[in-house]
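J.: Next come the chains, spelled out residue by residue.
Protein chains: 2
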Amino acid sequence: MTKPVSAASLGQTSSLHHLFALPPGRALDICLKLQSAILEHKLAPGLKLAEDEVGEIYGASRTVVRAALQALAHSGLVSIEKNRGAFIAKPTIREAHEVFQARALIEPAVARLAAEAITDDQVEGLRAHLDAEHAALDAGDMGKALLLSGGFHIEIADIADHKVFARMVRAMISRSSLIIALYWKRSDTACESHSHHALMTAFANRDADAAESIQKSHIIDLHSGLDLREKQTHGSSLSDALKGK
Amino acid sequence: MTKPVSAASLGQTSSLHHLFALPPGRALDICLKLQSAILEHKLAPGLKLAEDEVGEIYGASRTVVRAALQALAHSGLVSIEKNRGAFIAKPTIREAHEVFQARALIEPAVARLAAEAITDDQVEGLRAHLDAEHAALDAGDMGKALLLSGGFHIEIADIADHKVFARMVRAMISRSSLIIALYWKRSDTACESHSHHALMTAFANRDADAAESIQKSHIIDLHSGLDLREKQTHGSSLSDALKGK
DNA sequence: CAATTCAAGATCGTATACAATTTTTAGCCA
DNA sequence: TGGCTAAAAATTGTATACGATCTTGAATTG
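Chains as they are written, first to last, in this note's numbering: chain A, 69 to 313; chain B, 69 to 313.
Hints should not be assumed to be uniformly reliable.
Identical chains blur together in the list; that is why a pair holds if it fits in one copy or across any two.
To be verified - Derived SDA-like pairs (lysine to any residue); straight-line CA-CA distance at most 20 Å:
(1) 116 - 297
(2) 101 - 280
(3) 116 - 218
(4) 158 - 176
(5) 212 - 196
(6) 150 - 97
(7) 284 - 181
No lab work stands behind these hints: they were computed from the structure.
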């Protein structure tokens with residue numbers, strides 16, 4: 069008997085305070101659309117985002133597209149190389165470790181704040197979010213499930229009502245999505261939803277200690293779900309390996 | 069018997085890994101120059117940065133200036149209002165609390181990492197930095213002293229060799245500079261240099277526990293050095309107060 | 001005189017054109 | 001064939017022009 073949560077409303081709440089310091093306008097629209105596409109793993113790390121191509125797709129001039137790409141670069145989702153253009157970012161193994169170390173420090177503290185501040189309505193909101201996660205998992209829609217899974221962490225940061233932390237969490241979740249696209253190894257993604265359920269319970273009980281410690285375990289668990297071993301460059305040929313291609 | 073530290077070299081180390089996701093070029097140059105000016109309190113919060121004006125000063129077209137201003141906006145130093153332009157950011161009292169809460173969480177952890185990783189050369193570098201801070205204080209150059217004081221925290225983050233944390237610290241130090249410009253109340257800034265000296269000693273001894281706890285106390289102390297009471301709007305007239313002007 | 005209206009000026013938002021640089025491709029030679 | 005060179009194509013970097021929006025200040029009106 070839980071209210072269904074439309075994808076649209078979830079999208080809204082996620083973007084209500086977004087990462088980008090752009091005024092409302094077309095550049096921001098393009099930014100948000102590209103961000104969604106990246107977070108849903110519709111655009112793979114390393115992919116080139118040519119200005120003309122993006123402009124063609126969204127019907128905007130290069131001026132606007134450039135502003136959007138630069139905003140995405142500042143958020144860490146895209147990297148811009150001088151005279152070469154913009155590419156979906158490819159976090160290194162080292163960066164992956166760093167991001168999850170940072171999450172393990174910050175998000176538990178945020179979870180504590182959230183548990184101390186959460187309202188009944190917000191508990192219901194989280195519950196609905198969890199249901200949507202389950203639904204996406206059951207439907208086998210991994211892209212959406214991943215987006216929602218990240219959204220859960222962002223919603224917690226919003227509940228904590230701490231704009232500085234919320235901004236950091238958004239940035240880290242974004243980068244985590246890229247990291248997962250590159251390095252995820254674990255087969256069972258169900259366990260993740262389990263952690264979120266345990267968090268929910270802690271929030272419902274206003275148990276700040278539990279929320280903090282569950283969140284910390286959860287993030288350490290996510291970290292350990294990555295395959296972050298340095299791979300031997302076993303390219304198809306020696307020249308490929310040496311070119312770093 | 070300590071090597072003098074030139075302002076130039078300090079500037080270099082601070083900008084070697086900067087906050088901005090811009091490729092090398094004129095936009096980045098303008099960004100860094102504006103950043104220095106803001107951090108030295110040469111440009112006051114709320115000041116308007118008109119595109120033509122900035123372009124005139126640095127000899128660049130609006131295209132380039134806009135990219136620089138947007139980068140500064142993403143770093144939190146500038147806020148852009150649609151159809152109105154860019155202004156030096158004016159953090160609210162609430163944001164000030166949040167920034168120092170975040171610093172109190174993150175920087176002690178960073179100090180611990182730094183203490184575990186620091187090399188002898190880096191200890192010397194910090195010592196030289198401290199000397200420069202003292203020199204600026206003795207010379208009564210508050211702008212420079214403040215810049216160096218922030219630079220000390222950034223150098224620690226660089227020593228910790230953790231890019232994700234270092235980026236966060238840079239962003240927080242930048243915003244702290246604006247916050248201090250707006251809300252600093254304490255008369256004796258000498259105590260600050262004292263805290264930095266205590267940190268130095270902990271680093272020299274590779275005492276991670278001490279570094280972490282001293283850094284935490286230091287940041288809490290800085291936080292308490294701000295006057296963050298909500299002021300009554302005692303404008304010159306009722307209409308001024310109600311207009312929020 | 002205060003408040004309002006409206007036009008002139010200033011400033012920002014965006015498209016487009018051209019220059020600089022990179023990437024691709026074709027040609028050449030060993 | 002493989003590798004080098006150079007011209008052509010494609011892409012990004014930047015300046016500028018024009019339309020849209022905001023700001024300013026003078027004229028108008030109650």
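J.: Hint by hint, which ones does this structure get wrong, listed from lowest number up?
T.: 1, 2, 3 and 4
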